[in-house]
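> Sequence lines, in order, name chains W and E. Per this note's numbering: the first sequence ends with 266, consecutive numbering throughout. Per this note's numbering: the second sequence ends with 414, consecutive numbering throughout.
There are no misleading hints in this set.
A short list of chain W residues far from chain E (calculated; beta carbon distances all over 12 angstroms): (1) 14; (2) 26; (3) 158; (4) 161.
Simulated DEER-style distance windows between Cβ atoms: (5) E:413 to W:146: 25 to 33 angstroms; (6) W:98 to E:316: 29 to 37 angstroms; (7) W:161 to E:8: 26 to 34 angstroms; (8) W:71 to E:385: 50 to 58 angstroms; (9) E:413 to W:204: 21 to 29 angstroms; (10) E:385 to W:127: 30 to 38 angstroms.
With the Cβ distance kept under 10 angstroms, some of the chain E side facing chain W (calculated, not the full set): (11) 2; (12) 4; (13) 9; (14) 12; (15) 13; (16) 321; (17) 324; (18) 325; (19) 326; (20) 328; (21) 329; (22) 331; (23) 332; (24) 333; (25) 408; (26) 411.
By construction, these hints were calculated from the structure, which means they are not laboratory data. Since this is a predicted model, take the numbers as computed values, not measurements. Quick reminder that beta carbons are idealized off the backbone N, C-alpha and C, glycines included.
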Amino acid sequence: MSLTEQELALSTTAERQAVTGLPGAVPSQDWVIVTRGITRNYDMGGEVVHALRGVELAVRRNEYVAIMGPSGSGKSTLMNLIGCLDTPTAGEYWLNGVLVSRMADDELARIRNREIGFVFQTFNLLPRASALHNVELPLVYAGVASAERRARAKEALERVQLADRMDHRPNELSGGQRQRVAIARALVNRPAILLADEPTGNLDSTTSEEIMRVFEELSRSGQTVIMVTHEPDIASHARRVVVLRDGRISSDEPRERFVASLAARA
Amino acid sequence: MSLLDAIRLALTQIRVQKLKSFFTLLGVTIGVMFLIAVVSIVNGMSRYVEVDFAQKFLGVNTFTLRRYPDFSNGNVTSETWREWQRRPQITVEDAEAVREALPQGTHWAINDMTWGSPVSQYRNGGPQSLVAAVSADYFVIKNLAVDRGRVFTEQEEMVGAPVVVIGKETAETYFPNLDPLGRELRLEGLPFRVIGVLEKQGSTFGMSMDRQVIGPFHSALKRVTKSRRGLYGVLVQGSSVPIEQEAEESAREVMRRRHHLRPSQPDDFFFESSESALSGWQSIKKVLVVGGVVLPAIGLVVGAIVIMNIMLVAVADRTREIGIRKALGAKRRDILAQFLVEAATLSLFGAILGIALGFGLAAAIKAWTPLPSSVALWSIGVSCVLGAGVGIIAGIYPASRAARLDPILALRSE
Numbered sequence: 001m002s003l004t005e006q007e008l009a010l011s012t013t014a015e016r017q018a019v020t021g022l023p024g025a026v027p028s029q030d031w032v033i034v035t036r037g038i039t040r041n042y043d044m045g046g047e048v049v050h051a052l053r054g055v056e057l058a059v060r061r062n063e064y065v066a067i068m069g070p071s072g073s074g075k076s077t078l079m080n081l082i083g084c085l086d087t088p089t090a091g092e093y094w095l096n097g098v099l100v101s102r103m104a105d106d107e108l109a110r111i112r113n114r115e116i117g118f119v120f121q122t123f124n125l126l127p128r129a130s131a132l133h134n135v136e137l138p139l140v141y142a143g144v145a146s147a148e149r150r151a152r153a154k155e156a157l158e159r160v161q162l163a164d165r166m167d168h169r170p171n172e173l174s175g176g177q178r179q180r181v182a183i184a185r186a187l188v189n190r191p192a193i194l195l196a197d198e199p200t201g202n203l204d205s206t207t208s209e210e211i212m213r214v215f216e217e218l219s220r221s222g223q224t225v226i227m228v229t230h231e232p233d234i235a236s237h238a239r240r241v242v243v244l245r246d247g248r249i250s251s252d253e254p255r256e257r258f259v260a261s262l263a264a265r266a
Numbered sequence: 001m002s003l004l005d006a007i008r009l010a011l012t013q014i015r016v017q018k019l020k021s022f023f024t025l026l027g028v029t030i031g032v033m034f035l036i037a038v039v040s041i042v043n044g045m046s047r048y049v050e051v052d053f054a055q056k057f058l059g060v061n062t063f064t065l066r067r068y069p070d071f072s073n074g075n076v077t078s079e080t081w082r083e084w085q086r087r088p089q090i091t092v093e094d095a096e097a098v099r100e101a102l103p104q105g106t107h108w109a110i111n112d113m114t115w116g117s118p119v120s121q122y123r124n125g126g127p128q129s130l131v132a133a134v135s136a137d138y139f140v141i142k143n144l145a146v147d148r149g150r151v152f153t154e155q156e157e158m159v160g161a162p163v164v165v166i167g168k169e170t171a172e173t174y175f176p177n178l179d180p181l182g183r184e185l186r187l188e189g190l191p192f193r194v195i196g197v198l199e200k201q202g203s204t205f206g207m208s209m210d211r212q213v214i215g216p217f218h219s220a221l222k223r224v225t226k227s228r229r230g231l232y233g234v235l236v237q238g239s240s241v242p243i244e245q246e247a248e249e250s251a252r253e254v255m256r257r258r259h260h261l262r263p264s265q266p267d268d269f270f271f272e273s274s275e276s277a278l279s280g281w282q283s284i285k286k287v288l289v290v291g292g293v294v295l296p297a298i299g300l301v302v303g304a305i306v307i308m309n310i311m312l313v314a315v316a317d318r319t320r321e322i323g324i325r326k327a328l329g330a331k332r333r334d335i336l337a338q339f340l341v342e343a344a345t346l347s348l349f350g351a352i353l354g355i356a357l358g359f360g361l362a363a364a365i366k367a368w369t370p371l372p373s374s375v376a377l378w379s380i381g382v383s384c385v386l387g388a389g390v391g392i393i394a395g396i397y398p399a400s401r402a403a404r405l406d407p408i409l410a411l412r413s414e
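Chain W extracted, bound-state conformation (with noise of 0.2 angstroms):
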């Protein structure tokens, strides 16, 4: 029994329940990210913040989602449990059939080098390292051979047409080819996610039209895409829109009935 993007969309807690596992149980292979009620508190100066208070999503393979909610909503605490930066304070998060979030440190880095690629809004490419030295950096840590990891970096250039600057350092490409040398630097290690932190929030509307044509194309070759993004032009290349609001999914919808809304809104 499967569920369509749609219906999964649309269904409740219980009814994902039914396709994704109870609590404590391994999701199927389907399931790239399963979370159960995860919350997370912040102690701030003797003042519990509940950032997040139960978020229950469930992202098959090769979907494309947006996560949207204005600031202050979670999404960006969601987007570092998503991205195995933090653990949460309660809940279970599953990451490709593993379960993550009771992982220390040194097992969590080891999941982000494997199953994630991060896409940031202000690129974080190493400023004096070349592009090439850029992609190779997730392989170095995964304990790559050095020639090994210069060819599959290469290759990931190749992929987001990046070939020719290789050898360019980051003050030296402009803002799209940046973002462009990120989006290698996420796939080279093939991860089970691409995780985008507000991907174009640095970048000019035809720049930002670009890397959307990029994740566009990863999508349909089958890469599963998370974006956290607040704006909604963005949010709407996704399939799939997740709002959060006040530490819950408040809406979690396919893209059709998403700008729907907006357009009503509007």
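Given chain W, work out where chain E should sit, using these hints.
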């Protein structure tokens, strides 16, 4: 991340910040430079004293029977000194009695020395020369060879022929541009004929060994050296260490008997050998080596503190980089290794630079001061290990701070 990757990364980092890196490693460089230089000087002096001085000046497997030590470490109390002055002189009769008692395989020579001012037809005055009235075997014991002419024979010594063998410098001073052989040299008005010129000897403790006049003991030279007031010493050389020791025992027995010493009384004479003369040097050397280690150690501690500070600044400056690396999968130990290797590489560079400068300093000291110096190979190894070690120790705290950074906060930093 492999060690090679970490080293490559460290080298890139150092290359990017050349000037900063240079100042960072200055402390280590200076520390190592002085370590190398001081060890080189101590090593050089040690070789000088133990090889040149001990063997050239005192002779191999040789002891000198004397009233009291000539080479002591200087810490002689006035009481000891007074006791020495009360001792009987070493006489020619003592010397001959010792010779009678020596075992096979030994050389014996009276050596009576003084400082004198020779005069020749060509030159009057000049620096004082060492004047030695000796037995014929003196040349064998001291391993002295002539450059020109010959040494005197045992017969010449027995009959007291008025001949002398002179040092190279003496020859040049008193017979400028002349062949000194066959010419006359006067000492306190007494004439001597030059029959040989010694090979160049060099100097010991700034004292030229080429300024000497050596003549037969039984010649008039013994009046110059005032032998009646006691001999400088009696030289005995054994063909091996056991023979030397046996000879020393025989000589001791003879001397004790001649001085009528009871078994409870200590010796009232002294056997000076390279070991006894060097005992003072050994204690000086210990002080020098300790000084040579302590002073550079201060430099290294300063170097370590500088490196630690610079690495702390580097960690703060590169917080975002650390965040990026962590996001991409760097484990704590990867970050730790990166900064440790960087600190160690930096410090090792400093050490290598220090070794080079230390070599230079040692060479300069050798060239411009009377201090000898010779680079000890072990000091190079020690310096490299110290250099890397200082870097690692100085890097531990900054590196562990970097490794513990929260990736989320690190990524957010500017």
